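Engineer: Here is what each chain is made of, one letter per residue.
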Amino acid sequence: MITLATTLEIKDLHVSIEDKKILKGVNLKIAQGEIHAVMGPNGSGKSTLANTLMGHPKYKVDSGDILVNGESIVGLTPDIRAKKGLFLAFQYPLEISGVPLAQFLRTAYRSVRGDGQQQKTEAQGVGGEMISALAFKKKLEEKLKAVDLDPSFAKRYLNEGFSGGEKKRAEILQMAILQPAIAIMDETDSGLDIDAVRKVAEVVSQMAGPEMGVLLITHYQRILEYVKPHFVHIMADGRIFQSGGPELSKMLEERGYEWIEQAAAPA
Amino acid sequence: MATTQTLDIDYTKYNFRDSDASYEYKFPKGLTKQVVEQISKIKKEPDWMRQFRLRSYEHFLKRPLPMWGGDLTTLKFDEMLYYASSTEKKSRSWDDVPSYIKDTFDKLGIPEAERKFLGGVGAQYESEVVYHSLREDLAKKGIIFTDTDTALREYPELFKKHFGTVVPPEDNKFAALNSAVWSGGSFIYVPEGVSVDVPLQAYFRINTQNMGQFERTLIIADKNSRVHYIEGCTAPIYSTDSLHSAVVEIIAKPGAHVRYTTIQNWSSDVYNLVTKRAYAYGNATVEWVDGNLGSKLTMKYPSIYLLGPGAKGEILSVAFAGKGQHQDAGGKVVHLAPNTTSRITSKSISKDGGRTTYRGLLHVAKGAKGVKSTVRCDALLLDEYSRTDTYPYNEINEDDATTTHEATVGKIGEDQLFYLMSRGLSEQEALSMIVMGFMEPFTKELPMEYAIELNRLIQLEMAGSVG
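Protein chains in written order, with this note's numbering: chain D, 25 to 291; chain C, 368 to 834.
For reference, chain D alone in the conformation it holds in the complex:
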């Protein structure tokens, strides 16, 4: 399906919300198959980075660029970004009443996995649709199991009445169905118990392989015991303060964030 490795490149990105500057020059490059962890204290701009990459209208790109395979995606709507292979696992997934999870995911799957494919199945008529509906159902059941959600979740309304942990697992389920080239995970581990973290990590690690690039945003080192990052970036005050290998997250666990905040604070 994906022949060339997709890259996401963030170049000197400056972003503000309602005239408040949040990101002050972020540089980062992620390729399919790579796992990047972004760590940092609260308020350092991690979630802003995630939402900006996906195209939330509230976040304004003041300068810099975001490139997918060398082409700028700044100004593109979130659906177009999704079609280019980006995915955001939300920190606070929204509840959409009355829309069954399975129905939603099937619509999303058709949207993301290419219009050409959709036209083809429609041209095949009812029979073709039936088969693909069955195949989809099977795929969904398999992925529900992988993230440890009961099959009954397929019929439940999207995130409505889900516990915090169920919402997070449902995000990973969506990711597993949509198979993005680059997944941005915004504090997916927070609010999950250790067993759930392990399950989620398993799915992410399996998908990462050569297929998916991961930008794993986290406050805690815990998930990194199960998802082994190739690169660790420490974010502070709207910038990447330091980049390195997995050893960086160990250091953070020992030393905490305070020293970084002090070091990164504008003089």
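Just so you know, these hints were derived from the structure itself, not from any lab. In this text, all values refer to a predicted model and were calculated from it rather than measured experimentally. Positions of the beta carbon are idealized from the N, C-alpha and C atoms, including for glycine. There may be inaccurate statements among the hints.
[Unchecked claim] Quick list of in silico lysine to aspartate or glutamate cross-link-like pairs, EDC-like style, CA-CA up to 16 angstroms:
{"hint": "1", "chain 1": "D", "residue 1": "Lys82", "chain 2": "C", "residue 2": "Asp767"}
{"hint": "2", "chain 1": "D", "residue 1": "Lys82", "chain 2": "C", "residue 2": "Glu781"}
{"hint": "3", "chain 1": "D", "residue 1": "Lys84", "chain 2": "C", "residue 2": "Glu481"}
[Unchecked claim] Derived Cβ-Cβ restraints for the label pairs, each shown as a range:
{"hint": "4", "chain 1": "D", "residue 1": "Ala159", "chain 2": "C", "residue 2": "Asp766", "range": "53 to 61 angstroms"}
{"hint": "5", "chain 1": "C", "residue 1": "Tyr467", "chain 2": "D", "residue 2": "Ala159", "range": "42 to 50 angstroms"}
{"hint": "6", "chain 1": "D", "residue 1": "Glu42", "chain 2": "C", "residue 2": "Asp766", "range": "32 to 40 angstroms"}
Put chain C on the given structure of chain D with help from the hints.
Structural biologist: Frame of chain D; chain C shown alone:
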């Protein structure tokens, strides 16, 4: 006695609008005593019905327009046509229906739906029912499903005993109007203990400019019987107004279960002013499932009188108001017996300056002990130009009644749209999905074919809402 000289009946004069349509009768505009008498005469009705119509007409003249609800000042009674029939004979086979009318219903998918999943179908074009059928096995069980005019002729006693007992002409101006000029509609009788396991459906079509359609439906469900009736309504778009003013009466005898589903998709020049009321006797259940799309103004408040202990009433209504439309809808439940329960769920969507109003009445009479009732109204506003209002009236005369009322007004949030769009849905797809999800408690109560059709209509309504 009836006089004909003032009526200018010209069979060809009004044919220009639809080159295929030919009319047996088409009255000139306006409502007079002669029009009322002439309708009765054409239908060869018994004298009591003629008297009933005239009494209703007198009341219609006297009765002022309601001072509440939507704007009725632009409704011109004198500009309306009160009767038109294209064929004198009702057919039992689609092959016998005039081809241009059959084409219309073909386009609406009625014959196909009949073959697939309906137990009986009635189709009304303008004032008269042009087609009616009931599955043979259902007829053998003693079920009657026919048009109301035929019922008056063929079941005179059953008819006279119940007709006008739930909604008397004096109830309101539009009930009086309907009672004066009614034509067509469905008549259903289900004998004691008989269950109709497949829905019966009628379809109402207005085809003429300025046409008034005044169908009259009467459903009698005898003890412990069960029936689901569905009606669909459409009209083409003209630049001047049409009027749809129906009366529906349901009588659910002890232990009976009646569900009445309506999906209306009127064009935006139709005044839709309908009186729907049901009597539910002991342990009977009546459910109104009422979907209102389109129309210029809809005023419709399906009501249920819970007359016997243990009776249940449920009203589920959805209204969608687009540009220039006002949906003034809701429901009324009157608890007149102990241990009766009711639930009203109203969902409304307004966009492009459309207006929705929920108007509801919950009445618990003295002596009706142990009543339980819940009312829930949710409104969704799709833009800042649209409007929604809620007018719930509660008259609770027993202290032990358990009643809850919940009302919400929602807007589609930027974050919800962002969430859905991040999964590849365009803004319009995301909006449609949220709206359809909002209506889901309603659509899930519909037979699948109708749910699909309703979602398709919503998608059409939503088209072009982004820009």
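Engineer: Determine for every hint whether it applies to the structure shown.
Structural biologist: These are the hints, each one checked on the structure:
no.: 1; hint: D:Lys82 with C:Asp767; in the structure: 51 angstroms, violated
no.: 2; hint: D:Lys82 with C:Glu781; in the structure: 9 angstroms, holds
no.: 3; hint: D:Lys84 with C:Glu481; in the structure: 56 angstroms, violated
no.: 4; hint: D:Ala159 with C:Asp766: 53 to 61 angstroms; in the structure: 59 angstroms, holds
no.: 5; hint: C:Tyr467 with D:Ala159: 42 to 50 angstroms; in the structure: 45 angstroms, holds
no.: 6; hint: D:Glu42 with C:Asp766: 32 to 40 angstroms; in the structure: 52 angstroms, violated
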